[in-house]
Amino acid sequence: MEPIHITTPFTKEQARSLKAGDFVRISGIIYTARDAAHKRMMEALSRGEKLPVDFTNQIIYYVGPSPAKPGQVIGSAGPTTSGRMDAYTPEMLKQGLLGMIGKGYRTPEVIEAMKAQGAVYFAATGGAAALIAATVKSYDVVAYGDLGAEALARMNVEKFPAIVVIDAHGGNFYQEGQKQFNRLPQDGAL
Amino acid sequence: MRVINASRITDAVAKLAIEANYYLPQDVKRALTESQCQEQSQLGKEILGQLLENADIAAQKAVPMCQDTGMAVVFVELGRGVQLEDDLEAAINAGIKKGYTEGYLRKSVVADPLFQRKNTGDNTPAIIHIESVVGDTLKITLTPKGFGSENMSAVKMLKPADGLAGVRKFMVDTVLTAGGNPCPPIIVGMGIGGTMEKAALLAKKALLRSIDCRNANQDYAKLEEDLLELVNLTGVGPQGLGGTTTALAVNIEYYPTHIAGMPVAINVSCHATRHAEIVL
Chain A
1 MEPIHITTPF TKEQARSLKA GDFVRISGII YTARDAAHKR MMEALSRGEK
51 LPVDFTNQII YYVGPSPAKP GQVIGSAGPT TSGRMDAYTP EMLKQGLLGM
101 IGKGYRTPEV IEAMKAQGAV YFAATGGAAA LIAATVKSYD VVAYGDLGAE
151 ALARMNVEKF PAIVVIDAHG GNFYQEGQKQ FNRLPQDGAL
Chain B
1 MRVINASRIT DAVAKLAIEA NYYLPQDVKR ALTESQCQEQ SQLGKEILGQ
51 LLENADIAAQ KAVPMCQDTG MAVVFVELGR GVQLEDDLEA AINAGIKKGY
101 TEGYLRKSVV ADPLFQRKNT GDNTPAIIHI ESVVGDTLKI TLTPKGFGSE
151 NMSAVKMLKP ADGLAGVRKF MVDTVLTAGG NPCPPIIVGM GIGGTMEKAA
201 LLAKKALLRS IDCRNANQDY AKLEEDLLEL VNLTGVGPQG LGGTTTALAV
251 NIEYYPTHIA GMPVAINVSC HATRHAEIVL
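Just so you know, the sequences run in chain order A and B.
Read in the working numbering, the first sequence has 97 at position 97, and its numbers run on one by one without any break.
Read in the working numbering, the second sequence has 179 at position 179, and its numbers run on one by one without any break.
No wet-lab data here; the hints were simulated from the structure.
Hints are supplied without guarantee of correctness; some may be wrong.
As the list claims (entries may be wrong) - A partial selection of chain A residues facing chain B, derived with a Cβ cut-off under 8 Å: (1) Pro67; (2) Leu93; (3) Lys103.
As the list claims (entries may be wrong) - As a list, the in silico EDC-like pairs of lysine to aspartate or glutamate whose alpha-carbon atoms are at most 20 Å apart: (4) A:Lys69 - B:Glu102; (5) A:Lys179 - B:Glu229; (6) B:Lys45 - A:Glu43.
Stated by the list, open to error - One-sided excerpt, in silico: chain A residues whose CB lies under 7 Å from chain B: (7) Ser76; (8) Gly104; (9) Tyr105; (10) Thr107; (11) Ala130; (12) Tyr174; (13) Gly177.
By construction, the Cβ of each residue, glycine as well, lies at the ideal position given by its N, Cα and C atoms.
Generate coordinates for the entire structure from the input sequences, incorporating the hints supplied.
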């Protein structure tokens, strides 16, 4: 499939131009964070502190990589389930976040918050962790290093493969894609 | 009595943990390759292609296929003619620690599930199931279970009157709820019968059978085929993005149960369904 190439930092115009179902390749700086890093960021905000990174127009990749072998930039690095970050996402969007990469469904609250911000949710292929790691050119921890694989890190990626699943207008490719192939009996009889 | 010493068990477990995480089982690879030809969604084909390419890269570079290298589940068939010098569970856990450290596998186990949630640092303890069997060998099967798929698993205490329709509905509901979370195409292990925990254990065991083999009982073999067809009608598709390949296989194990019940467990597994075994 022919991908749409995206170079970070992301722009609002670019985000709005993407449609659910688009296959993209992302290049440039993105950030990594998952459950524990999100929890710490929320705690920091509630104490009135600034976040370790200015997330304006940035993309967060939900990942907890495996340890790098000697000579490797990063270990295997596929997406984790995004739903666990749903509780924190509306606040992250308020902080300026414009893109998220993960896998799986998001809540209606998250989708509404995404529309308000004009943000995009991308799916990376869960399980394709060695393939994705090959697109990572650098990996540097910027905060919460004690969390190990769950630390907040800055990643430089080149042609990272992803699919737009929820676009800035609320278009949802999980729904659209599945509807197209759902052949279950319509009367519900199984 | 045949003596097997602890260090042999530890080394074997370490090797299995690494092998299972680096190399895609051959039966799964064949099924993925076939599904890529048959998949009707273009995006689905692209994803299945990525998964196959990923398996090649992981094998070539000797790295984990997935960053979630799982909580290790270990099934042991212990021959009654085997004499162990030391504690079997300790030897297995020492192997987990060794394998996860030397193999650069991610340590994903927390000691306390509710309050502290502090990482144990070496991926121990494993979940260990020991069975006593005839013979003088020790068979170890290790399956690193990632939680993207484990979290989508479910147990339901169906009523006998729910029958086949109840089983089919439970399957469809579970697969639709799971969507893209368990990294489809999935492999589904189903346990029917026994008690609540027996059904769950059967479901896990079902995942260890080659996906090329159907249940020896013809009724259950047919049910496996019917349920696979049903799951693939959901349209969930590769990664939940729509398509005709939602599952590669459904494996079922069953057991006698009580007159008043029909426990059913569904253990969802990702496309890789990593496992490796050795006989000592």
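Can you name, in rising order, the numbers of the hints this structure does not satisfy?
Failing hints, ascending: 2, 6, 10.
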